[in-house]
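Chains as they are written, first to last, in this note's numbering: chain A, 201 to 351; chain B, 569 to 947; chain C, -12 to 361.
Worth flagging that the hints you see were computed from the coordinates, not collected in a lab. Take these hints with a grain of salt, some might be off.
[What the hints assert, rightly or not] Subject to a maximum C-alpha distance of 35 Å in a straight line, what follows is the list of computed DSBU-like cross-link-like pairs (lysine-lysine):
| # | chain 1 | residue 1 | chain 2 | residue 2 |
| --- | --- | --- | --- | --- |
| 1 | C | K282 | A | K340 |
| 2 | C | K172 | C | K196 |
| 3 | C | K282 | A | K240 |
| 4 | A | K340 | C | K265 |
| 5 | A | K240 | A | K283 |
| 6 | A | K220 | A | K320 |
| 7 | C | K315 | A | K245 |
| 8 | B | K680 | C | K227 |
| 9 | A | K340 | C | K172 |
| 10 | C | K282 | C | K203 |
| 11 | A | K318 | A | K245 |
| 12 | B | K642 | C | K30 |
| 13 | C | K132 | A | K211 |
| 14 | A | K223 | C | K21 |
| 15 | C | K25 | A | K223 |
| 16 | A | K203 | C | K196 |
| 17 | C | K265 | C | K203 |
| 18 | A | K243 | C | K284 |
| 19 | A | K220 | C | K227 |
| 20 | A | K203 | C | K25 |
| 21 | C | K196 | C | K176 |
| 22 | C | K172 | C | K25 |
| 23 | C | K165 | C | K196 |
| 24 | A | K211 | A | K283 |
| 25 | A | K340 | A | K318 |
| 26 | B | K744 | B | K924 |
| 27 | A | K220 | A | K243 |
[To be verified] Reference listing, derived: stretches of chain B covered by chain C, where coverage requires no fewer than 3 residues with Cβ under 8 Å from a Cβ of chain C:
| # | segment |
| --- | --- |
| 28 | 642 to 655 |
| 29 | 743 to 750 |
| 30 | 788 to 797 |
| 31 | 898 to 911 |
Glycine included, each C-beta is placed from N, C-alpha and C at the ideal position.
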Amino acid sequence: MDKIQLESFLKTIASGVEIKEGKQYLEVTVPSSSLHQLAKSLKEKEESKFDFLFCLTGVDYGTELGVIYHLRSTSYDHTVVLKTRTADRENPILDSVCDIWETAEFHEREVFDLLGIKFKNHPDLRRLFLDNSWGFPLRKDYVDDINIVTK
Amino acid sequence: MLPEIVALNTSPTLSVPWWKVVYDFSALTDWIDKSLHNSMSPFWTTITEMLIIGVLILLFYALVGLFLVYAERKVCAFMQNRLGPNRVGPFGIFQTIADLFKLLFKELIPIKNADGFLFNLAPFIVIIASFMAIAAIPFAKGLHAIDLNIGVLYVMAVSAMGVIGVLLAGWSSNNKYSLIGAMRSGAQIVSYELSVGLSLITIVILAGSMQLSVIVEAQRDGWFLFKGHISAFIAFIIFLISSTAETNRGPFDLAEAESELTAGYHTEYSGIKFAFFFLAEYINMFIVASIAATVFLGGWMPFHVGSWEGFNHIMDFIPPFVWYIGKTFFVIFLMMWFKWTFPRLRIDQLLTLEWKYLLPINLFNVLIMAFLVLMGWHF
Amino acid sequence: MEEKEITNLTDEHQEYVINMGPQHPSTHGVLRLKVSLKGEIVKSIEPHIGYIHSGIEKMCESITYPQIIHLTDRMDYISAHINNEAVCLNVEKALEIDIPDRIKVIRTIMSELTRIQSHQLWWACFGMDLGGLTCFFYGLRDREKILDIFEETCGGRMIVSYNCPGGLMYDIHPNFQKRVKDFIKYFRKILPEYDQLLTGNVIFHERSKGIGTLTKEDAISFGVTGPTGRASGFSCDVRKHEPYSAYDRVQFKEILFDEGDTFHRYLARIDEMWESMKIIEQLIDNIPEGPFAVKMKPIIKLPEGEYYQRVETARGELGVFVISDGNKNPYRVKFRSPNFSNLSVLNHIAKGFKIADLVAIGGSLDLIIPDIDR
């Protein structure tokens, strides 16, 4: 499917999503509540078959925290980008997609480690690189006077 | 008393050629024995002889160990497109001596929560086992410390004792890798001892004796490898495989599998205690190689072919000690060749190889050999 | 209390836990695997990573784009050139710069040389993991020749930093073409020697066939790419699917196997070396004339937006994801490293095999630890 077909297909299976044509890929912004359900149908629907989660990125947008999922279908070779955000910076919780793509287990641990986003239903959510006493270094408000030199 | 030998040489009454007399060490050893008896009581003679032999074997042991380490490095370098040691002394021959000094000066690190007594005892058990085995090996005619009538059995029994040291080392060093290594080594040596024994028994049937000197004498008209043809050849191959396994050398070096268990049972050892394990490995290799050389390739016996008197005479010119060392080092080279070209086996494959392939073949081979001897179908 | 201890001791499911690493000969770096054993059999593997986490993604947020290139060298240091290329391609794509053919061709040749030397090093270490120590020297002997070519042209041997946004740091050395051709001629003769030493060995077959089988579905689900994924039948070669640089103008085969065991992961890499040589041969005589770099602005600012660039490193798909807010520093950079995903599959495929198999499987995944930790 090309971008246009994909866009119309997405409109049929999901509601309340914001679809934007990005520079490279189709970008879909999903409310965090319906992320898991959309992800599941994107993988399982015969028309889309997004079976390969090739990148999972956590982003700090300043006021909000978000996660970006890059999905590809190995059968059709089309790509879509899912984005979701949460405004809760103190205790951000999103749904885990571990049960859909197993690679998410490590990637979500990484996001938890570096940004502090918790994932619901993650089988083994522990810090990955750093120990428990560290802050969340990829957040924009992270301060480390000793190790980080800012200009 | 030396002139006595010279007198023997020139004596026209003896039909034995002079070189055979010179190469026969029994005259020399008899002379030492006799002269000691003349000057002291029998008790002190025995003590003195034991001391002399002990010192000589110790010296030999150290020399062989050092040389084998050097040889292994050179052979391995040859296999791997390298030069090997070439800085200390000409062609790097003093490299191992330098390494020995390094190991001697190294700190003996005490291990927390290790069983101190067994931890320190283990390297000695390993080294004593190999030390004892060397006593029964005939290096040349008349040149062996003790000529037991059960020589083959003795060497096997004593060299298998080393595994106790390995097991103790692995158990007492309070290290999980060491323990796995020791357990592997136990399983491995207990299994492969069978194959070593059976392949030697094949030749014992042919020789009709367990005495190593008799076995060597019996190969006067041809080595057992050729006399026992098919059966002896199979036994030789099996002996090579299983003795490589018994000395814990690659491709059977599971006990110290570097990439899996870091260093296996001797992970926690340092300094001279590690050197003991290291040395014992090479001496064990030397022992099994010399057993192979003695039993299959005629030991110090020159290469003789049945009734070709002329040919046999020419072969006799080469001293028996050279023959012996040459054959032993040939077998050692084979073992080094295995180590540096083959990947390592896995523990279950190792045991499968022994129990499912080598042991049945071996048992069958013993039967064939018995049949050949019974029918007189050997040379 | 006492009673509880006794039940623990008699519990037959009690596990024997060993720590493989952070210092262990076969983890090839500071990777720590917590391995639970029962006898020799591996019950579960828990990777503990982060020993050399250097915060590259965080650092990238405070440095400029040309500076990022030098950090990417330090991730997967064995295929450093390809990592550089990923960042450069991303910047060039964002700025919509047309890259002259000469740069594309040189980048492709260098990438393929990097791939060959990476696989040589892998072969050397894999042989060593299986106990065949001689392999190590054969592999390194031939790798040295490529490193010499790198040294002549790039100045660096392993960490080359030869790319920069808009082209290359400097032109190729006059000897470059001749030396590469000599190397290809030499390596075509020497590669069958690798097969003689390891591929045909019975012990090696026994050790690797049917060990650590990864199905295609699992490979996709775990995001396992590169030769590891392709050995399981997962067609994931970025060079084929999304050609970059000069890959659209060369003929080569994507190596695919269906078995997905250690042996086929091995074969996939050996065959890939042959394919890489083919690619280089097609390009080396046809390097077009032209500039070696496009004139760039002194301060590179990416227009606001999100940019994703995939490249095929020697270990799999490397993704560089840049979120730019229009400044000279990126707002967020994410490296989708191939080794990170490949490591996650280790527990899944090595469970139930023996320790020795774990070493073989770990070797066949070809992990580079700094790329996992970043």
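Checking one constraint from the list: CA of C:K265 to CA of C:K203, max 35 Å. Satisfied?
holds, 27 Å
Holds or violated: C:K172 to C:K25, with C-alpha atoms at most 35 Å apart:
violated, 49 Å
Please verify whether A:K243 and C:K284 have alpha carbons no more than 35 Å apart.
violated, 43 Å
For the segment 642 to 655 of chain B, do at least 3 residues have a Cβ located nearer than 8 Å to some Cβ of chain C?
holds (count 5)
Is it true that the CA of C:K282 sits at most 35 Å from the CA of C:K203?
Violated, at roughly 45 Å.
Hinted pair C:K315 and A:K245, Cα distance within 35 Å
Between C:K315 and A:K245 the Cα gap is close to 41 Å, so the pair fails against 35 Å, i.e. violated.
Please work out if C:K172 and C:K196 have their alpha carbons no farther apart than 35 Å.
Since the Cα atoms of C:K172 and C:K196 sit roughly 31 Å apart, the hinted pair holds (cutoff 35 Å).
Against the 35 Å threshold, does the CA-CA distance of A:K203 and C:K25 hold or violate the hint?
violated, 52 Å
Please work out if A:K220 and A:K243 have their alpha carbons no farther apart than 35 Å.
Since the Cα atoms of A:K220 and A:K243 sit roughly 20 Å apart, the hinted pair holds (cutoff 35 Å).
Restraint check for C:K132 with A:K211, where alpha carbons must lie at most 35 Å apart
violated, 56 Å
Taking 8 Å as the Cβ threshold, is the statement that the segment 788 to 797 of chain B is covered by chain C upheld or broken by the three-residue rule?
violated (count 0)
Hint consistency between A:K340 and C:K172 [alpha-carbon to alpha-carbon, up to 35 Å]:
Not OK: A:K340 and C:K172 at ~53 Å, beyond 35 Å, violated.
The structure shown violates the earlier hints numbered 3, 4, 7, 8, 9, 10, 12, 13, 14, 15, 16, 18, 20, 22, 23, 30.
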